[in-house]
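> Throw the hints in and build the complete structure from the sequences for me.
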Amino acid sequence: WLQIDNSDGYGCDPMLMTLRSRLQHRRARINQQINKELRMRAGAENLFRATTNHKVRETVALELSFVNSNLQLLKEELEELNSNMEVYQTESESVNVPMIPLGLKETKEVDLSAALKDFICEHYGEDGLQYENEIRELADLRQAMRTPSRSEAGVELLMEYYNQLYFLDQRFFPVGKTLGVYFHWYDSLTGVPSCQRALAFEKGSVLFNMGALYTQIGARQDRCTSEGIDSAIEAFQRAAGAFSYLKENFSNAPSLDMSAASLAMLVRLMLAQVQECVFERVLLLLRDDQFTTHLQVAQEAAQVSVSDTCARARTHTMGQPLVKDYVPFSWATMAQVKTEHFRALSHYYAAVALCEHAQSTQWDDGAGERALHHFHTSTPKGPPLGHVLQDPEERRKLGKAHLRRAIMRHEEAMRVHSLCKILRKMDILQEVLSLMHKRSLHCYSHIDHEDDFFETVEAPDVQSKTEQKPEIKTPDFSRVQVTDIFRRLGPLPIFSARNRRSAPRVVILQRSDGGLGLTLRGDSPVLVAGVVPGGCAAEAGLREGDYIVSVNGVDCKWAKHADVVHTLKTYSESGVELCVITLLSPEVHGQVLNPPPTDGRTGILFLTRCVL
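Under the working numbering, the letters of the sequence shown match residues 851 to 1462, in that order.
Please note that a few of the clues may not be correct.
Said to hold, decoys possible - With a cut-off of at most 27 angstroms between alpha-carbon atoms, the simulated DSS-like pairs for lysine-lysine come out as follows:
hint	residue 1	residue 2
1	Lys958	Lys925
2	Lys967	Lys1407
3	Lys905	Lys958
4	Lys1323	Lys1097
5	Lys958	Lys1027
6	Lys1288	Lys1275
7	Lys886	Lys905
8	Lys958	Lys886
9	Lys1097	Lys1174
10	Lys1271	Lys1174
11	Lys925	Lys1097
12	Lys1097	Lys1319
13	Lys1174	Lys925
14	Lys925	Lys1027
15	Lys925	Lys1231
16	Lys1315	Lys1231
17	Lys925	Lys1271
18	Lys1174	Lys886
19	Lys967	Lys1027
20	Lys1275	Lys1174
21	Lys1407	Lys1419
22	Lys905	Lys925
Stated by the list, open to error - Derived CB-CB ranges, DEER-like:
hint	residue 1	residue 2	range
23	Gln1318	Met890	25 to 35 angstroms
24	Ser1284	Gln1331	48 to 58 angstroms
25	Ala892	Leu1434	36 to 46 angstroms
26	Leu1133	Arg1220	14 to 24 angstroms
Rather than coming from a laboratory, the hints here were simulated on the basis of the structure. Being a predicted model, the structure only gives us computed values, none of them experimental. C-beta: ideal position from N, C-alpha, C; glycine also.
Here you go:
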């Protein structure tokens, strides 16, 4: 369990000019410019429809063309920012295929102060000015979560704010009503602004940023170590879990990045990147002298290339009409490049196994032959596979066929890569593709003989297989424990926006010979369970079902049963002043994206009864 202290301030310093923060600042600036141009276009279109003056219409049409041109330029600039993957990659000197990270959704500042104070006054009957510290604490937390650090602490900060939104929803948002405050968020990829008064939009956007932050954490891991690969796998699986949870629990999204189609694409993309990490881990643990382990690496590469978690993410999902034009061209191109790249690697490692390590099958009790029988999607032409393993020349022929296909796939990956201007600027990707292509060419030249006059057969595709299937890890909101910022309002089961209460009443009790004439029950707050007819409490106006919220001006909404009883028994001869409320009718409500309460101190009732 993690207990988060709001005062620590987990957000990054907005003035800290790291490469990533500069990128995020540029994104925020472009989002604001896009918002401005969209407002100008909306105004111009309204004027164009409203006017009948020919000259005015011509002028407006010209202005619209300028605005649309500016919008296109801004969207292209934003797409280039979204395609900047190198900033998020590890600083390790090793060469790895870059992963696709997702930028955070930007938001505007929201002033909740006036709305919360008014609601506290109207609904809870208290002075809203007495809660300025709590309101400021909530504002500081929201400001901090706009710039989370790219670490687990940043995720915890987002989760802390998300859990606080549960309490905010319960305290200040009655069923079917809002505070009248708009929450503004920008689309992560297009920069188009959206605003809603529903708190569910705020929750969904924060949850989206949890997933986006996990993609950045995964992309920055050093995947040349087993620990780094495991961390990357965990991060991408948690990103997939956040997007999947959002997809299942959030509907009527106002922005494309939170639509069901886009979220499905992101889930599959994250799972595909998990599969890449699994391949890298198998490759890292590869033993050079093992025939079967090289076949396993080849099948892992094929899994990355053609499995559902990869191929559908890169072809089917991104090709959907709603998503195709939305996804950055560089993403779609990168996906296609990776498909060809890993297909080439599957053939390369098949060739290496056949040409360099088949000798180890002599001592493996037939494991190599059994593995080879299930290695291809179809049986290769030529002699039986058992004979191929025993004949070095047949192994060389089949290995050469695989290398030929590997070189063709490498060249196709390089061709697709060259079609995207943004990807051409990525030195690390170009270096990986070139290095792998040269390695396959070198291996081919090594096994190619001048006197080879036989026709090289077409090697079948490698059968995909993996030792670890990707897992969607749903967010565990309970791992970040928070305390309700507005806890002073009282226990949530009674003091919530869903419950209607009477106005606070003040009653003064004077002890008589027969006692106070009331029965108390429960804790936080203490309930008047019964009133003796004609007794002191009844004459003072106390009624069964009243909740005691203060005694002699001392707040006791959170007081224990024994403490209230002790106070009432020891009051002075002048009497005791009670402030009470009555619960009128709880409202039935439905909730969206609400985790279970994380404040263990709310909602606890002890069935203790005491007669006074």
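> Next step is simple, just say for each hint if it's right about the structure.
Going through the hints against the structure:
Simply put, Lys958 and Lys925 have alpha-carbon atoms about 19 angstroms apart, close enough for the 27 angstroms limit, and the pair holds. Note on Lys967 and Lys1407: the hinted pairing holds, with a Cα-Cα distance of about 20 angstroms set against a maximum of 27 angstroms. Between Lys905 and Lys958 the alpha-carbon distance is near 38 angstroms, which puts this suggested pair outside the 27 angstroms criterion. Note on Lys1323 and Lys1097: the hinted pairing holds, with a Cα-Cα distance of about 14 angstroms set against a maximum of 27 angstroms.
Between Lys958 and Lys1027 the alpha-carbon distance is near 22 angstroms, which keeps this suggested pair within the 27 angstroms criterion. Taken as a hint, the Lys1288 and Lys1275 pair is honoured in the structure, with Cα atoms around 20 angstroms apart against an allowance of 27 angstroms. Between the alpha carbons of Lys886 and Lys905 the distance comes to roughly 25 angstroms, so the proposed pair stays at or under 27 angstroms and holds. Only pairs whose Cα atoms come within 27 angstroms are accepted, and Lys958 paired with Lys886 is accepted, the gap being roughly 14 angstroms.
Taking the CA atoms of Lys1097 and Lys1174, the gap is near 18 angstroms; set against the 27 angstroms cutoff, the hint holds. The hinted pair formed by Lys1271 and Lys1174 meets the criterion: a straight-line CA distance of about 18 angstroms does not exceed 27 angstroms. Between Lys925 and Lys1097 the CA atoms are separated by roughly 25 angstroms; this keeps the pair inside 27 angstroms, and the hint holds. Between the alpha carbons of Lys1097 and Lys1319 the distance comes to roughly 21 angstroms, so the proposed pair stays at or under 27 angstroms and holds.
Straight-line distance between C-alpha atoms of Lys1174 and Lys925 comes to about 16 angstroms, which keeps the hinted pair within the 27 angstroms bound. Straight-line distance between C-alpha atoms of Lys925 and Lys1027 comes to about 35 angstroms, which puts the hinted pair past the 27 angstroms bound. As the CA atoms of Lys925 and Lys1231 are separated by approximately 52 angstroms, the hinted pair breaks the 27 angstroms bound. Restraint check for Lys1315 and Lys1231: satisfied, since their Cα atoms lie roughly 22 angstroms apart, inside the 27 angstroms limit.
Our distance criterion of 27 angstroms between C-alpha atoms is met by Lys925 and Lys1271, whose separation comes to about 16 angstroms. Annotation: proposed proximity of Lys1174 to Lys886 holds, straight-line Cα distance about 26 angstroms (limit 27 angstroms). Restraint check for Lys967 and Lys1027: the C-alpha separation of about 16 angstroms stays at or below 27 angstroms, so the hint holds. For the hint linking Lys1275 to Lys1174, the alpha-carbon distance of about 23 angstroms falls within 27 angstroms, and the restraint holds.
With a CA separation close to 18 angstroms, the supplied pair Lys1407 and Lys1419 stays within the 27 angstroms bound. Annotation: proposed proximity of Lys905 to Lys925 is violated, straight-line Cα distance about 30 angstroms (limit 27 angstroms). The supplied range of 25 to 35 angstroms is broken by Gln1318 and Met890, whose beta-carbon atoms lie about 51 angstroms from each other. At roughly 50 angstroms, the beta carbons of Ser1284 and Gln1331 sit within the given window of 48 to 58 angstroms.
For Ala892 paired with Leu1434, a C-beta distance near 45 angstroms keeps the hint of 36 to 46 angstroms intact. Leu1133 and Arg1220 have their C-beta atoms about 22 angstroms apart, which keeps the hinted 14 to 24 angstroms range intact.
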